[in-house]
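Student: Let the sequences and hints guide you as you build the complete structure.
Chains as they are written, first to last, in this note's numbering: chain A, 1111 to 1490; chain B, 12 to 277; chain C, 336 to 887.
Misleading hints may appear alongside valid ones.
Some but not every residue of chain A turned toward chain C, in silico, with C-beta under 8 angstroms [what the hints assert, rightly or not]:
| no. | residue |
| --- | --- |
| 1 | A1295 |
| 2 | E1318 |
| 3 | R1323 |
Keep in mind that the hints were calculated from the coordinates and are not lab data. Note that the structure is predicted; figures quoted are calculated from it, not measured. For glycine and all other residues, C-beta sits at the position ideal for the given N, C-alpha and C.
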Amino acid sequence: MRTALQLGARGSARWLHPGAWWVWALGLATAASRTLNPLLLVLIIAVAGTVVSARKPEAPWARSFMFFAKLGAVIIVVRVLVQLIFGAAIGTTTLFTLPGLDLPEWMAGVRLGGPVTLESLLLAFYDGLRLATIIMCVGAANSLASPSRLLKSVPAALYEVGVSVVVALTFTPQLIADVTRVQSARHLRGRATRGPRAIAGAAMPVLEGALERSVILAAAMDSRGYGRRSDMSTQQKRINAGLLTFGLVAACIGTYGLVSAGTPWFLSAPMLLAGLGSSLLAISLSARNAVRSRYRPDPWWAPEWAVAGAGVAIAACFISAAWWLPSGFSTQVDPPTWPALPALAVIGLLLALTPAITAPEVPRMYALRASDRELAGASS
Amino acid sequence: MTPAVRIGKRSLLAILATSIIGIIAFSWPLFAAPDSAAVAHANDAPWLFALVVPLLLAVVLAQFTDGGMDAKAVALLGVLAAVVAAMRPLGGGAAGLEPIWVILVLGGRALGPGFGFSLGAVSLFASALMTGGVGPWLPFQMLGAAWVGMGAGLLPRASGKPELLMLAAYGAVAAFAFGLLLNLWFWPFTAGLPAAIAFEPGAPLGQNLLAWIHFTIVTSLGYDIPRAVLTVVLIMLAGPTILTALRRAARRANFGAVPTFEAAAS
Amino acid sequence: MIRFDHVTVTYPGHTRPVLHDVNLHLVEGELVLVVGRTGSGKSTLLQAINGLVPHFTGGTLIGDVSIDGRSTSTHPPRELADLVGVVPQDPASGFVADTVEEELAFGMECLGLRPDVMRRRVEETLDLLGLAELRNRPLLTLSAGQQQRVAIGAVLAAHPKVLVLDEPTSALDPGAAEEILSALQRLVHDLGMTVVMAEHRLERVVQYADRIIVVPGDAQPLLIGTPQEVMREAPIAPPVVELGRIAGWTPLPLSVRDARRAAGPLRALLVGQPPPLRAVPTHTANDTLVEAVDLTVRYGSHSALRGISLSVHRGEVVALMGRNGAGKSTLLNAMVGLRTGDSGRITTNGKDSSTLKGTELLQSVGLVPQVPGDLLEATTVADECRAADRDAHVEHGTARALLALLAPEILDSTHPRDLSEGQRLLLALAVVLAARPPLLLLDEPTRGLDYPTKLRLAVVLRDLASAGHGILLATHDVELAAEVATRVIVLAEGEIVADGTTADVVVSSPMFAPQVAKVLAPHPWLTVSDVIATIGPLILRTHAPISGGAVG
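Tutor: Take a look at the structure:
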């Protein structure tokens, strides 16, 4: 596996704030969730794909868009197959008829097969396509937003957890190298190096080594000032505790309100949101007593606004258009019609495409060479 | 032994609230009342919960770290999360053969419920970041794994063979239940299924429960059973060694070390 | 700057203290060397400086440790981080971030420094330690020497007044070690920093120290003094010092330069003396244990070995030397079939090396890898030995008996991970030797070993060679090579640049010459014991000669 990592800026190239990519991608996903129009869905995928290919770094995680695309394809195929096998037919254009089969009672007495209509297949395809599109939008964010940069931007309250995730991310490749080394050692003892037994045999020394390392790491972190805190006033502590307690209880009530009947409107979603807001406020307030600063945090400049704005724009276009003229957003299948292309949706799509230009170029990556790995192996 | 992560009053509250909301977020398809908001917007409800759950997990983890988690716990958490992340590809995702549950169960057992909870959440998050697998399913996987780790830490005292059997049984139940829960989360997304296995928003509990059980039998049992079996096998085979290693590490890390200072007698 | 006031440290669960009634006062701008064998309490002393002992480890500290007026009883390590920088023994294990720049900033982030201050200090630190080129590199891709420099930089960026280092050069080749030591000296001389450093490799560091603290172990009182004072009496000393002691030079030389100035008469004495004869074993063709012919090994487009031809015979001890990355490990791996050659051939015990496996491999060749612990999988020493007997299909108890010879103090019930580095090496050696392989390969065997253990290893290697084993050791340790090797092979960029008897290869080499050879050049005497053997009777005066041979 060729691992590539960041080397440094060239010209105006820099890492876009990962949050901006996520806002953009979630905006696209929201837009996709508003429509069953296959043309719009395909265009959304095209937009996501274009931007990914324009601004994707050369890192292993950046290849995940393809993985998500495959997942999307699987979703569509499964959805259509389910329709073929189980589907109750709608519409009148029968394409062919599958032999019917009644499953036994313990399998829910499902009836399989039967006539297959064009309308029901189209509906299944559109439905699968919508879910696949949403998934691929998320995949675009996975490809574009650097995980280590994302961790640098975690809110202060989650700093410790962020550190442990950074440790996990940097330590995993080393662990895999350790496994290789220990397997070589097994060869030296004349034992098998392949198969489950070999993996099990190699696992223990690697795990032991990892655990030992954690103690050394903790001592190093302690010695370097990790976890310094200043004292908080009793009053502040009380306020935080109050906010947290209120917030959590309110969130529970709000969630319950969402799923139970006859709740007054303010005891459902608004209550949940208020509760969440209050809890988040509490943890961010209590994070303030940590003595800590950030080295070169990712800035949020004009390109970030432009990218995030593009995501918000397409979501807004789709939501409002779906509200004003719902006809263009749910394509008719019975009888099948060619999907419409609402103007507002086109505007939204074009806006969502802008990050391919407005986002700064990705910095060049440091490609791990074989000789580096030799060195890393020799020094670990 | 001192647990690796202390659970204070507020952490406990946060865990309770998150678990309650988490249970609702998983199980609303079964329990939601016919004229509730969730059923009225059955298409959007899963997405709403996918936003709510991670925020609540953040609150719990922030509470843990606010006083209960020192450098030792953070380092151990990072290292074990790396172990889990490195193990995930081993199963190849084939037929639910995920060896990671061994680490989550034994980690929670050896290092306590608070650590188990954090390990479950952090390790799945880290491995998703590494492989670019962040998606709407992630918060639910994190919550499920966190419960598994925490539950292992809450099991009653035992040692030797009984402990191993208890852990194996727990591992089987936990790995199986994880599959069922994730299945339940995924269920509302499936459309076009025949009525007997389809989610019908607002239908009576009995009907949806039956449909869900049938849905599970038809779709995911082939994953859930191998996962549970593999977990049992691994715990029975490697459990004692891994547990010893984890306990040695905990002893060496000396969580909650109490330094004593005395003046020199002069 | 650092004050220990009647300090006694006892770990939890122990009744005997590790350190007993220690009094120390180190001043600003001092470079202090802490020596003592593994397990003597050296690390405890270092860790007590920033309060890791007892805050992190638990235990009881009687008395008081204070740094620049701050007592560790009231300040846990994190509250001393701006004052004391600690570099752990294995720097890579202490890294938190993923790139060099982030790692340098981590400590400052914890201290809450302003972003502009952090930015400036990161740049300064990059320059100070020559890391500017590496700033965006992932830490995983750095060489050991670079990692060590980053680890030092990472604590320096917080501008501490005290720097504590645990064996900073033990894993490095001579060149990288020089770089680290000169960087440290610059910190002491230019910035007035107090540096406390533990190190086994006295020959590298003793000349830089202002004072030396000897930790004798078993809670015995510490010995503190100037290097001259301490070295005159110390049971372990680098070769130049030993040479000075037997030749009766005053002041006692600590560096090659000092010794060379004083060595004029000694060199004169050696003129006309027959150089020491090293028993170079005579060998026949069927003595050949491993033979490489025109061997090339590539990693991708990079050639690790280019057309290597060499052979090792019974009774030989061959030292394989060269920079990190020169291809030493690759060559060893090729001999045990872990790497296959891309062209040329390599045979071990008459068979194609890459086809060897299982018992046949064990009975042909044994390799002790750089991290000997990799070989060990069991949870007790006894289990490990039993597993070795099973693997090798030899009589039960073989490995245990070998271990009893190599390291009698190791107990059956100990977990291999709880052994010291040296004990782990000896256990791995016993495990490998259980199958009686005629050829023994060792990769960097002296990493992290203290003097007594190294001495023991040298004796073991010589005994094995005289028992007919062929030994090939890849090492940076020129003193060990001078002590035990009959032949030296130097690799550079995957090619053999020198292959000859030890004296022929090392005497003229600035990199690979042992200290005695540097002092006595152009005369080909390599070790103190060689010198004693030749001229002992001539100069043996009032100075009592040292008891054992000097290694390392």
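Student: Does each hint hold? Answer for all of them.
Tutor: Going through the hints against the structure:
1. Annotation: interface hint on A1295 of chain A holds; nearest CB of chain C at approximately 4 angstroms, less than 8 angstroms.
2. Look at E1318 of chain A: its Cβ gets to within about 6 angstroms of chain C, closer than 8 angstroms, so that hint holds up.
3. For R1323 of chain A, the suggested interface contact is upheld, since its CB lies about 5 angstroms from the closest CB of chain C, less than 8 angstroms.
In summary, this structure violates none of the numbered hints.
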